[in-house]
Amino acid sequence: MEVFLLQLLNGLDKGGAYAMIALGLTLIFGTLGVVNFAHGALFMLGAFCAVTFNALVSMQQVTLHPTETTAWGTPVEIKTPYVELWFGDFGRFLVEFSVPVSILLAVPVMLLIGLAMERGLIRHFYKRPHIEQILVTFGLAIVLQEIVKIFYGANPIPQSAPPSVDQALDIGGLLGFPPGEIVYPYWRLIYFLFSAVVIGAVFAFLRYTTFGMVVRAGMADRETVTLLGINIDRRFTIVFALAAIVAGLAGLMYTPILSPDYHMGMDFLVISFVVVVVGGMGSLPGAVAAGFLLGILQSFASLNEVKQIFPGIDQIILYLVAVVVLLVRPRGLMGQKGVMET
Amino acid sequence: MNKVLLGSESKRSDWILLVAFSIVVLLGPYILAPFGAGYPDLLQRFAIFGIFAIGFNILLGLTGYLSFGHAAFLGVGSYTAVWSFKLLSMNPILALFFAMLLAGVFAVAIGYICLRRAGIYFAILTLAFAQMSYNLAYSVLTPITNGETGLQLSQQDPRAIDALFGRDYGAALPVSDLFGIEMTGYPGFYFCGVILIIAFYISIRIFRSPFGMKLRAIKSNQNRLNYVGINTKPYMLVAFVISGMYAGLAGGLMAVTDPLAGAERMQWTASGEVVLMTILGGAGTLLGPVLGAGIIKYFENIFSAFNEALLMETFSFLPAGLQETLVAVLSLFVGKGWHLTLGIVFMLIVIFLPGGLMEGFRRLVNLFTRPPDQGKSERAPAAQAQPAE
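First to last, the sequence lines map onto chains A and B. Anchor point for the first sequence: position 287 equals 287 in our numbering, and the numbering is continuous, going up by one each time. Anchor point for the second sequence: position 46 equals 46 in our numbering, and the numbering is continuous, going up by one each time.
Hints listed in this document are in silico derivations from the structure and should not be mistaken for laboratory results. All values derive from a computational prediction rather than experimental measurement. Any given hint might turn out to be false.
What the hints assert, rightly or not - Among chain B residues calculated to face chain A with C-beta under 8 Å, some are:
# : residue
1 : TYR121
2 : LEU136
3 : ILE344
4 : PHE346
Glycine included, every Cβ here is placed at the ideal spot set by N, Cα and C.
Same shape as in the complex, but just chain A (with noise of 0.2 Å):
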């Protein structure tokens, strides 16, 4: 029961990370009616919006000590963060909370990206084949990366979560289990219910704002909301924006448990469109669904108990879950009929 319980706890959040890239993913199939294979990339810029933040707020003054020395007789230096010289106590602050404060500057670089990636490229292609879609996007997801590697190298960059919450919680504690038996990393935790709200926010944003309703008139019949005189594609110009914050931000948070590298987006773009064919193209509570599905199948299979009967299961589970959905229902969990069928 226990490990079962972690192995729930495990999967929440890559779940979530899955999820929300699926998410995103899907409102982009939905609406624009593109595959986009630079998907992966913006989840890894977002990633790296953090690493930048970080460096930024901890560039450090390097001062002597007065009088203290070395053991081998030369001075200490001491190292101060220059926001902390300027901000005192809030400059602390910053430096240690960096990771969630970036979040203040990867919302407005994502927008902007996203936008100019809907303005400048994908616009042009919604009346292309997918099979073009899928080529010009995997080409800019190539280009995105090498230019992330020239910036920041090709080695992962460690992020830390903030240290008051950089330990584990003794969950099975808290559930009348013996302590010690579930512990779980805070951090986790806090991105499970971080993907929870995001995705709740992106639901709930669609269904109660008259914008929302727009959009989702606009994926159902897109001709008949145009010919009521709504500009409907500047929405849709919002939306994938959206999608690429709801990326980021996905990358972004995931960085103390996965340090980021330029080549993170690619490794979880298979793996999300995996979640997305698996919940079913073109719907939104398919992706959420599979996401969260395939995050804690993929974390039962890696159970020592399990990968003795069937070796290596945990690294094919996912491939072979889409494959036998795709088999049995070939739409996908919750798929709806005519959704990318050509």
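The hints should help you fit chain B onto chain A, whose structure is shown.
Okay, now just chain B, sitting in the frame of chain A:
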């Protein structure tokens, strides 16, 4: 000659094309020497990836199905060939036979499942299978694939057939050889080159056959074909298997020229590479894929060797400030950054020239050979974006 290059469909022009292609391949070392690519290792790679792309083109170019999983067949071919070397003989023909056979069997299994869906679903299914094969080769199937170390020859290998004929390779690790000719250096290249020519010939035959016509019909309108009463599934499966066998052949040849096989050959980025090659050259054309493969492999090997010192030397005639700026900018695009160039070129091709380089040549030729008014009317349909399926 132009008509030949651009694929006019008469028997005579096909033969001229084949002969011209053969001459270029066989004289490759001389033709490419001025470009710094006249050494056998690189020429071999051109030939091998040319074969890979030709096969891929039969699926993508003729049938219109985009597979993101062909690297799996490449890997299967490589592993099979190395196992054939280990167990049976160092003869490359035998190895290639088994590589194609097993890749074909794999392609039947994967194709049977993936071809139930079309379009983006097909691409993702093939991608899923390729990733699965990669992960299997990397971890689970370690007894067969030797995991992350990769499969290599060793002196303890049985090599049953060689032993039967009393061949002993002594203390050194054996090199694959065709009846005594070692498959390294120029003989190795010519072996690959001849196979490339044969592969090209077969692809011409497929393009011109009724079977090829059916594949094109599938690409243009599968529904209509179904209504006419033709079951398209078997044709697609055969096209998939043929392209898988081409990939297996290419993988086998990789093992012939360098007898080791690793899982990284099966990663999905490797599948992406062959897609890039085919699109860059021109999907659906005969010469395009080979051209694309050549260009990308040339980029990879020559461009990536440019370093800053070499660039500084090249631009030493410029004033110092200008020289440094230019080198700083250019060095982003060559050397380690050549992938950036590749990505940009690829995007430009997809955006402005969806027919690939061959389409570009066609437009150029039309520009110069047709009278202006006629040329305009001829070019207009080609310049339009293709309508969605």
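Hint-by-hint comparison with the structure:
no.: 1; hint: TYR121; verdict: holds, 7 Å
no.: 2; hint: LEU136; verdict: holds, 6 Å
no.: 3; hint: ILE344; verdict: holds, 6 Å
no.: 4; hint: PHE346; verdict: holds, 4 Å
Every hint, counting from the list given before, is met by this structure.
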